[in-house]
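Here is what each chain is made of, one letter per residue.
4 protein chains.
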Amino acid sequence: MNDEPAPRLRYAMIGGGRDAFIGAVHRHAIALDGQAELAAGALSSTPERARESGRALGIADAHNHASWQALLEAELARPASERVDLVVIVTPTDTHFPIAQAFAEAGFHVVCDKPLTHTSQQAGTLVETVARQATVFGVTYNYTGYPMVRQAREMVRSGALGAIRKVVVEYNQGWLATALEATGNKQASWRTDPARSGIAGALGDIGSHAENLVSSVTGLQIEELVADLGALVTGRALDDDASMLLRFKGGARGVLVASQINAGLENDLRLRVSGENGTLEWRQEEPNRLVHHRREGPTEIFTRASSWLCEAARRAGRIPAGHPEGFIEAFANIYRGVFADIRARKAGTTADPLDADYPKVGDGARGVRFIECAVASSAERRWLPFSG
Amino acid sequence: MNDEPAPRLRYAMIGGGRDAFIGAVHRHAIALDGQAELAAGALSSTPERARESGRALGIADAHNHASWQALLEAELARPASERVDLVVIVTPTDTHFPIAQAFAEAGFHVVCDKPLTHTSQQAGTLVETVARQATVFGVTYNYTGYPMVRQAREMVRSGALGAIRKVVVEYNQGWLATALEATGNKQASWRTDPARSGIAGALGDIGSHAENLVSSVTGLQIEELVADLGALVTGRALDDDASMLLRFKGGARGVLVASQINAGLENDLRLRVSGENGTLEWRQEEPNRLVHHRREGPTEIFTRASSWLCEAARRAGRIPAGHPEGFIEAFANIYRGVFADIRARKAGTTADPLDADYPKVGDGARGVRFIECAVASSAERRWLPFSG
Amino acid sequence: MNDEPAPRLRYAMIGGGRDAFIGAVHRHAIALDGQAELAAGALSSTPERARESGRALGIADAHNHASWQALLEAELARPASERVDLVVIVTPTDTHFPIAQAFAEAGFHVVCDKPLTHTSQQAGTLVETVARQATVFGVTYNYTGYPMVRQAREMVRSGALGAIRKVVVEYNQGWLATALEATGNKQASWRTDPARSGIAGALGDIGSHAENLVSSVTGLQIEELVADLGALVTGRALDDDASMLLRFKGGARGVLVASQINAGLENDLRLRVSGENGTLEWRQEEPNRLVHHRREGPTEIFTRASSWLCEAARRAGRIPAGHPEGFIEAFANIYRGVFADIRARKAGTTADPLDADYPKVGDGARGVRFIECAVASSAERRWLPFSG
Amino acid sequence: MNDEPAPRLRYAMIGGGRDAFIGAVHRHAIALDGQAELAAGALSSTPERARESGRALGIADAHNHASWQALLEAELARPASERVDLVVIVTPTDTHFPIAQAFAEAGFHVVCDKPLTHTSQQAGTLVETVARQATVFGVTYNYTGYPMVRQAREMVRSGALGAIRKVVVEYNQGWLATALEATGNKQASWRTDPARSGIAGALGDIGSHAENLVSSVTGLQIEELVADLGALVTGRALDDDASMLLRFKGGARGVLVASQINAGLENDLRLRVSGENGTLEWRQEEPNRLVHHRREGPTEIFTRASSWLCEAARRAGRIPAGHPEGFIEAFANIYRGVFADIRARKAGTTADPLDADYPKVGDGARGVRFIECAVASSAERRWLPFSG
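Chains as they are written, first to last, in the working numbering: chain A, 1 to 388; chain B, 1 to 388; chain C, 1 to 388; chain D, 1 to 388.
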């Protein structure tokens, strides 16, 4: 199922040092398929910690930097053939834009965490830069890497469900059901802090995943929305609960919920899409199944790696059916797409779209506009138009 | 678990003749516990069909009437001791008010289907009449009859979850995913016809169940809502899809979805209630389980008939744990409550509230106001206050 | 879906007085469809309790007897047209044979609980009597009344799965995980007492249900078996745990487990049947679903009351799809079959086999032979032939 | 959660070239945590294919061998400090013994696929060699790497369930429901061929996983068994279906099923363990959940990565709760254990047993004896003693 190609690509990581959560996930995901190796880093905003973290991960001192600026300078000082193939940005949101913009402007391929930037203006600038520089730019909306999400996308977009009428997406967590940020928890602290996270809390952190999942699977464009954001845990500055009604171009309706105060829930991301002929249901906590309720005939359960899945879903797996793949594998599928694109460009060719299957800078920019629109709708307590 | 008391109560049924759906459900539910017997009827608006239907059900000719007016007149002509104990109204919504009002005014105990009436003014009149006549008046919001719904109610209201912050309720069906009303289907025809169903379609038919479930379980009062109703199947006069955001008194937020165009779904009523300490989940299609996600500690699955359920939940069952009870049993629990109330009044006592546990005329009236508010919010496309 | 026919049949019940469990289930099941009414009884082996129980259930004193012998005598003293249509036997197993034999010999239609008798010789006598008297004789192997079990039966027997190769059936309970019989619990006491229950405990009580489920669904005949019975709770006289390997005529293999010491399990009856083309799975605790794993293509979930079910499954329901039916409804389906057979015979006709669909005396007799064979195999610790 | 230590270990792989299935799984699993790199290989029994496969995986030519003998010779020719740290054997079963024996005898640490060898005599020799050489020897009974299996192990062994009374384990697959070996399928061909697979088919391939899962979780020793093996697909030389009854030392009973002809099933490995106080259930296809039915109180669902799991389960994860981990992660946990042991030995210390948590050569040897015993019991059609 998997032919690990040689030679490995080389990547630099910005952020993701000790105590960070998401950096290790990126490294596991990249390691899984053996296609790339960590070659440089600026792993923390604290120089000493950056150095230590890099050493612990086996980065040679000459490539282990105290800041992203130093890393950029060092890379540019090398001949093009010796530079890293990819820069991975896993810092808190507030620094995404300056870092991503600088590397993209310098012609580097980039993978950046979501949300892409703090403002849609920043995002627009980045889109323009990436287009001008013709570089690869991936955004880790990682849930679209699940094989069964790709199967859902194929079934919706091929018309198997008929015209889509209703979409309900929820991302429910419980980890912020208490004021965890008051206990010194690092993840909670920056995610509830407007200075680091921007104008949105739960909406930005997980609501943007929900938006991307809907857009990716259905291809529908949100036309209008009315949102209600709340900081339900006393004293919290950003929303920890967001719900909204959606209207899509073409007449479909939708509901989106993103909430981090559902005590006892873990990562309950779930999508339901209803069309004229049937309804699809998928849940991240049971990701190897896709449920297809048909208007006529018994409900079907599609499972990962079956021979009757679409090509995109089959390519997204590594092991036989019935052996569960999980979060890291899905995350790795985003990287597979990025790597395919980079390799194709290095080879002077164009990647097969089924291989270069990953969320791009435009998806990231739409996500930022979505956050701005929902925040405004909630503040103004009314329906607002959205230009997807 | 069940001691069938003697003697049986006697009930009259209005509507529910041949080809009707819900009348047979009421009869099964009443029959299940052997507490009452069908003694009189006006089973159809077509006199001949009324007569035939009554005979098929074993109603003696002298008690088998061509119209509800004839039935009322005949009952009143009898000595009080020979009259039926209860009148069950299972006609389409447009006739609920005149029939219910007439019987309540005449001092009869009544069970009426939901939604209670077409307008909140009618509902208000009915509430006043029932209060004045001091009669029993049940509304068949039957889902609150499920034992595990009563367990959820107890867990929420006793404070086990802490302050409630978020409520998500959905009632998703698929049977109106096509223009079934154009094929002569009786159920579809009247439910999509404003003359019979009133100002709301899916909202009235199943959204009102969702509202009642939330109100019953949480005791929260809706303070404001913004709704979006759509007739997503071309040519339909009433909504077949309704979604709304809710704000409750005290700060909790909510989402309510009621939709009949989710092709392939059956009766997917599901409730999720999150409080400070945990989250409850219940689904009508697996009614014997209640899932309790705890903020600390493993998730708990409560099952029907366990000795560790609350008294109200335990009383609502008939057979040991692990033997599923279903829709008819839950429906029968509403009747158990009504019968307990009637028997207590006949005995000149007051029923134990855990026995007389059924939705009353006030619940029905609130349901009608809820429908009116949601329809207005959708038409005006804005948040509206609601006086629960 | 439901046409309640008139007039009602009249039945007598033997056993099932206060504190009995299964008698109330039979009465609920019979009441549900309104086809029959309790007209006579000998509800307890204690005369006083029999009288009280009968009165509480509304049996007229003239039909409320202190013993089954008195009931039989009184019935025979009446003209044939005034006798009950059916005698329901819900006593502990040790008295099944004398009672059933006496009523069958006297020409009464009978429904009897399982296991049918203590010995296969008794069962053989009963089969002979019923054949000679040409009476109706139902055995309440109630799980075969579930609509989805009937759907499974149709799918297996129609050849949709191809030749059957493997059958795994389990009935796991936990209620006897402690020495409940030592606490005075009535149900536990007689079920663990050889004098009342015969030579088998769990095997007889629930293993016989498992055997019947396999035989009913697959039509396969057990050819050989090796069993291992254990009394795993110290001091128990009868098996509380039974497992066995099965070989069927034609080459299929099987496993049967019946155990009452799985602490925390409720009524976990589950069946899995694999054929050349697919595998069916059904669980009693989620009875409205039948899972069909196909060799080629996505797994299918059949749900109760869909239009694409077989005729037998559709006839076995009362309400629309998505509204769960449960244990009582399934039990009532056995009675529907019995009633259809009785009504046909009263009318001098032959019932449609899809209506008269219930386990008969021959099924009960095979169940007793099965128990004897498994007990012997376990005692001799070897494979034994079985003549199904 | 994971601190990738430096420097990487270096491993050689025997087998696992192009078209092999399990070799790629081992490589993914090893890559995931970045602890080791593929440094040498003899990847196929066909020299040319071995060379090509090695190159595709980036093995330098000097370390890329045409046979395992050549690899062994080349390694031994190097100074000890330049040799690989570990030899991974992923060939068909028939060659496990000579390869494993040669490398263990030469002092190499080894990971070998299961079943360990063809005969218990070979296995005994290997156990002796490993003991004498004091090397690390892991057997990839990979399912014991799942965090929730380790949680189950802790709950059983700590006595939380009380004395264990009943164990039911099944490993059901469907991929051999047709004569796939006749179509040229490589996996099917060698697994159904006695020359490559030894005396057992399904029993050896997946039944040995089931045995290991039971032994690992419960610590119980099988004392006696009666097995029934069948080749249910016509013309097959080895069993494709195996069922057996087990008796454990101390009085517990068990059932083990391993079958590859359940058309439509994928990798349905499931374990149920009942003790005096409760019952645990785990399924490989939903590996992030462990269900704990309690005798008293609601059923509990333990999920991966919760803070209330045991230490062994928590260490076996990489990402937060609610983000599913799967087969590769579990497999990687076996390697984590092996690596911890190797690193400790290199450092001259002893590994923390919670880190060096992997199936060892003794587990592999018991698995081979189990296969021999079950094959004999089936052939002789009787209970046989087993010395676990």
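These aren't lab readings, by the way, just hints derived from the structure by calculation. Keep in mind it's a predicted model, so treat the numbers as computed, not measured. Incorrect hints may have been included.
Pairwise CB distance ranges (calculated) [said to hold, decoys possible]: (1) G124/D / A379/C: 49 to 59 Å; (2) E154/A / Q121/B: 51 to 61 Å; (3) G162/A / E380/B: 29 to 39 Å; (4) S189/B / G162/A: 18 to 28 Å; (5) P47/B / E105/C: 47 to 57 Å; (6) G297/D / P194/C: 28 to 38 Å; (7) G297/D / E48/C: 34 to 44 Å.
Ideal Cβ positions, reconstructed from N, Cα and C, are used throughout, including at glycine.
Going through the hints against the structure:
1. Checked against the hint of 49 to 59 Å, the C-beta distance between G124/D and A379/C comes to roughly 37 Å, which is inconsistent with it.
2. About 52 Å separates the C-beta atoms of E154/A and Q121/B, a value consistent with the hinted range of 51 to 61 Å.
3. Look at G162/A against E380/B: about 31 Å separates their beta carbons, and that is inside 29 to 39 Å.
4. Judged by the Cβ atoms, the range 18 to 28 Å given for S189/B and G162/A holds: they are separated by roughly 23 Å.
5. The beta-carbon spacing between P47/B and E105/C, approximately 51 Å, falls within the hinted interval of 47 to 57 Å.
6. The hint said 28 to 38 Å for the Cβ distance between G297/D and P194/C, and at roughly 33 Å that hint holds.
7. Checked against the hint of 34 to 44 Å, the pair G297/D and E48/C passes, with Cβ atoms roughly 39 Å apart.
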